[in-house]
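Colleague: Sequence:
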Amino acid sequence: MFAVTWTADSSRQPCIPTAMPPKTPSKILFLRVKIHKLTIATTVAPTITVGALKTEVLSALTSAALESSSKIEEDLEMPDALDIPSVSKVSEFELCTAEKERGRLTGEFSVLRDTKQTLSAAGIVNWDVLFVRFKDPDSGVLQPVIFVPIADDEDQVTPQFADPAPPQESVKGKRKARPE
5 MFAVTWTADS SRQPCIPTAM PPKTPSKILF LRVKIHKLTI ATTVAPTITV GALKTEVLSA
65 LTSAALESSS KIEEDLEMPD ALDIPSVSKV SEFELCTAEK ERGRLTGEFS VLRDTKQTLS
125 AAGIVNWDVL FVRFKDPDSG VLQPVIFVPI ADDEDQVTPQ FADPAPPQES VKGKRKARPE
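The sequence shown stops at residue 184 when you use this note's numbering, and every number in between is there.
Quick caveat, the hints were computed from the structure, so don't treat them as lab data. If you're wondering where the values come from, they're calculated on a predicted model, not measured in any experiment. Incorrect hints may appear among the rest.
Using 30 Å as the maximum straight-line C-alpha spacing, the simulated DSS-like pairs for lysine-lysine come out as follows [what the hints assert, rightly or not]: (1) K104 / K27; (2) K27 / K120; (3) K38 / K104; (4) K120 / K93; (5) K139 / K41; (6) K93 / K27; (7) K41 / K93; (8) K120 / K41; (9) K31 / K120; (10) K104 / K120.
I would like the entire structure built from these sequences, with the hints used as guidance.
Modeller: Given below as structure tokens:
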């Protein structure tokens, strides 16, 4: 894309078109990490490693705020408990990215196994959603990703139409009063 600027003289001849400078990459990534019914929102630098992000997610999973919210739900006997497996080490879960086709989730997830790889090298961009896959405590096998999907406004909304207007007599000409 080129920007055209005009000179200040009266001839109004355009200057030489110049290319717009490229966008600079973001210095901070806003990421969402989805676990069951919980979403952890975090801001990180694109230069941190996957292992450092896993440590931050572990910190959120073991925080006192998460424990107190589950106790409140137990006290109120709410059926919508978070049901998040308890973890104490980063080796008990993996971070994943969702595979998409034409902007929609395919149901397949790629595990970010290299903990020394930076987020930018792993292809993580701003506003990406990551998912947590917990490991089975007995066998160590990764469990399936469980999360509550985000409702798409376009798919869920059913249009509400007004009742059709009653048929009116054909009105010829302009400015005729409509019957009431």
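Colleague: Each hint should be assessed against the structure and marked as holding or not.
Modeller: So, going through the hints one by one against the coordinates:
no. : hint        : in the structure
1   : K104 / K27  : 25 Å, holds
2   : K27 / K120  : 27 Å, holds
3   : K38 / K104  : 16 Å, holds
4   : K120 / K93  : 17 Å, holds
5   : K139 / K41  : 18 Å, holds
6   : K93 / K27   : 38 Å, violated
7   : K41 / K93   : 21 Å, holds
8   : K120 / K41  : 28 Å, holds
9   : K31 / K120  : 19 Å, holds
10  : K104 / K120 : 25 Å, holds
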